[in-house]
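Asks: Chain A: place on chain Y using the hints.
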Amino acid sequence: MYDRGKVIAGLVIFAIIFLFPFIYNHGSASPQPKPSLDTPAIKALSQKKCVEDKQFMITTHMQFLNDWRDQALRDGNRWYVNKEGKKVWISLQNTCLKCHSNKKEFCDKCHNYAAVDPYCWDCHIDPNGSKL
Amino acid sequence: MSMDRRKFLKIAGLSTLIGLSGKGAFELLKPGTVEAEMSHEAEGHGHEHHEESAGPKVRWAMLIDVKALTKEKAEKIRETCHFLHNVPNWPDKKNEIKWIWEDEYEHAFTDSYNEYDEVLKGLPFLLMCNHCDNPPCVRVCPVQATFKRPDGIVAQDYHRCIGCRFCMAACPYGSRSFNWLDPRVQLKKEMAKGRELNKSFPTRMRGVVEKCNFCVERLAEGKKPGCVEAAPDVMFFGNLADANSEVRKILRERISLRRKLELGTRPSVFYLI
Numbered sequence: 001m002y003d004r005g006k007v008i009a010g011l012v013i014f015a016i017i018f019l020f021p022f023i024y025n026h027g028s029a030s031p032q033p034k035p036s037l038d039t040p041a042i043k044a045l046s047q048k049k050c051v052e053d054k055q056f057m058i059t060t061h062m063q064f065l066n067d068w069r070d071q072a073l074r075d076g077n078r079w080y081v082n083k084e085g086k087k088v089w090i091s092l093q094n095t096c097l098k099c100h101s102n103k104k105e106f107c108d109k110c111h112n113y114a115a116v117d118p119y120c121w122d123c124h125i126d127p128n129g130s131k132l
Numbered sequence: 001m002s003m004d005r006r007k008f009l010k011i012a013g014l015s016t017l018i019g020l021s022g023k024g025a026f027e028l029l030k031p032g033t034v035e036a037e038m039s040h041e042a043e044g045h046g047h048e049h050h051e052e053s054a055g056p057k058v059r060w061a062m063l064i065d066v067k068a069l070t071k072e073k074a075e076k077i078r079e080t081c082h083f084l085h086n087v088p089n090w091p092d093k094k095n096e097i098k099w100i101w102e103d104e105y106e107h108a109f110t111d112s113y114n115e116y117d118e119v120l121k122g123l124p125f126l127l128m129c130n131h132c133d134n135p136p137c138v139r140v141c142p143v144q145a146t147f148k149r150p151d152g153i154v155a156q157d158y159h160r161c162i163g164c165r166f167c168m169a170a171c172p173y174g175s176r177s178f179n180w181l182d183p184r185v186q187l188k189k190e191m192a193k194g195r196e197l198n199k200s201f202p203t204r205m206r207g208v209v210e211k212c213n214f215c216v217e218r219l220a221e222g223k224k225p226g227c228v229e230a231a232p233d234v235m236f237f238g239n240l241a242d243a244n245s246e247v248r249k250i251l252r253e254r255i256s257l258r259r260k261l262e263l264g265t266r267p268s269v270f271y272l273i
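If you read the protein sequences in the order shown, they are chains Y and A.
Residue numbers in the first sequence follow our numbering, run continuously in steps of one, and reach 132 at the last position.
Residue numbers in the second sequence follow our numbering, run continuously in steps of one, and reach 273 at the last position.
There is no bait here: all hints are sound.
With a straight-line Cα cutoff of 20 angstroms, these simulated SDA-like cross-link-like pairs (lysine to any residue) come out:
id: 1; chain 1: A; residue 1: 93; chain 2: A; residue 2: 82
id: 2; chain 1: Y; residue 1: 49; chain 2: Y; residue 2: 106
id: 3; chain 1: A; residue 1: 193; chain 2: A; residue 2: 96
id: 4; chain 1: A; residue 1: 223; chain 2: Y; residue 2: 89
id: 5; chain 1: A; residue 1: 189; chain 2: Y; residue 2: 124
id: 6; chain 1: A; residue 1: 193; chain 2: Y; residue 2: 132
id: 7; chain 1: Y; residue 1: 83; chain 2: Y; residue 2: 70
id: 8; chain 1: A; residue 1: 67; chain 2: A; residue 2: 101
id: 9; chain 1: Y; residue 1: 131; chain 2: A; residue 2: 181
id: 10; chain 1: Y; residue 1: 131; chain 2: A; residue 2: 84
id: 11; chain 1: Y; residue 1: 98; chain 2: Y; residue 2: 40
id: 12; chain 1: A; residue 1: 224; chain 2: Y; residue 2: 94
id: 13; chain 1: Y; residue 1: 131; chain 2: A; residue 2: 198
id: 14; chain 1: Y; residue 1: 98; chain 2: A; residue 2: 198
id: 15; chain 1: A; residue 1: 199; chain 2: Y; residue 2: 94
id: 16; chain 1: Y; residue 1: 131; chain 2: A; residue 2: 202
id: 17; chain 1: Y; residue 1: 43; chain 2: Y; residue 2: 127
id: 18; chain 1: Y; residue 1: 6; chain 2: Y; residue 2: 16
id: 19; chain 1: A; residue 1: 188; chain 2: Y; residue 2: 127
id: 20; chain 1: Y; residue 1: 98; chain 2: Y; residue 2: 53
Honestly, the hints are just simulated from the structure, not real lab data.
Chain Y extracted, bound-state conformation (with noise of 0.2 angstroms):
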């Protein structure tokens, strides 16, 4: 092999300059954040549930927004009805965010340890917040 003290030098740095980050960051993963969900209306209800069970809330809510979104506004039917019967309005801001008004707490706080970047805020707003 020509060059070959050049060619195992150059491979090494590439692997170290490659594998860097993998190595420093090694053993340091960020704990799984557990979103609080008190809040004032949360702790006011009798029965503390949301639109569907927990689990389905959880491992469901994008497709479940999006259809709701899509039902609201493209259909123009705004109520939801459960699994139980129970009849929902259908909003983001108005029903969603009445009884979760924690927003950093309930939906930032995930989104940023999943590093995904939902686009719902760049037009909805927080009703609860002061600011845009």
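Replies: Using the frame of chain Y, we list chain A on its own:
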């Protein structure tokens, strides 16, 4: 697989026959089937037409009493609308966003302008989205971000809008505005000077087209549009499809104008004169 010329020509001929004449080719093999299918299709089509002629049950429309409108009322209506929908008031005209705005007779009715009508010439006209029956903006939208609801409202879906502005080119009424800049920048400036935000309604983002939505969010709650509440003696809102509705009664009694009727868009905003 080997094939002699004779066999090749047979297959080629048969495929051409089927390819050219489509369904008709099968008629040779099984007479009667295609004819039956076609008459069935025609029946289905006829049925559809029948339903269409029955028309929708709800067709929202707005009536604006031009003679009862004053500059002050027009300004109040505009302010109410722009508050309810968090519309920024950009100082620079090129960034302007407008859902409802005031203009003169001459500009509102470019086609039917009568320069000798001295009464109309002095009156203020409120212009807005006409929520056309045959909306050109809906036809040109490449992503169906703007669409016509069954109740006649031409809605705009900001989640889908890609900001191509075809709809703005298509709209003959100039009812659509484009967010060249982030509307929140201007809203924040206005909030620093004491502007209130309507926290039950979203803002828009940079790069989408917006317009009057006939207060679809208020109609869903059973309320009347904001402009009608701001000036109930000037603006009337109701169902055109119901012959006994208030708007139909007014239209029977008063003379009304609609903008650019010759374009065939069939607007549902009426100007009572």
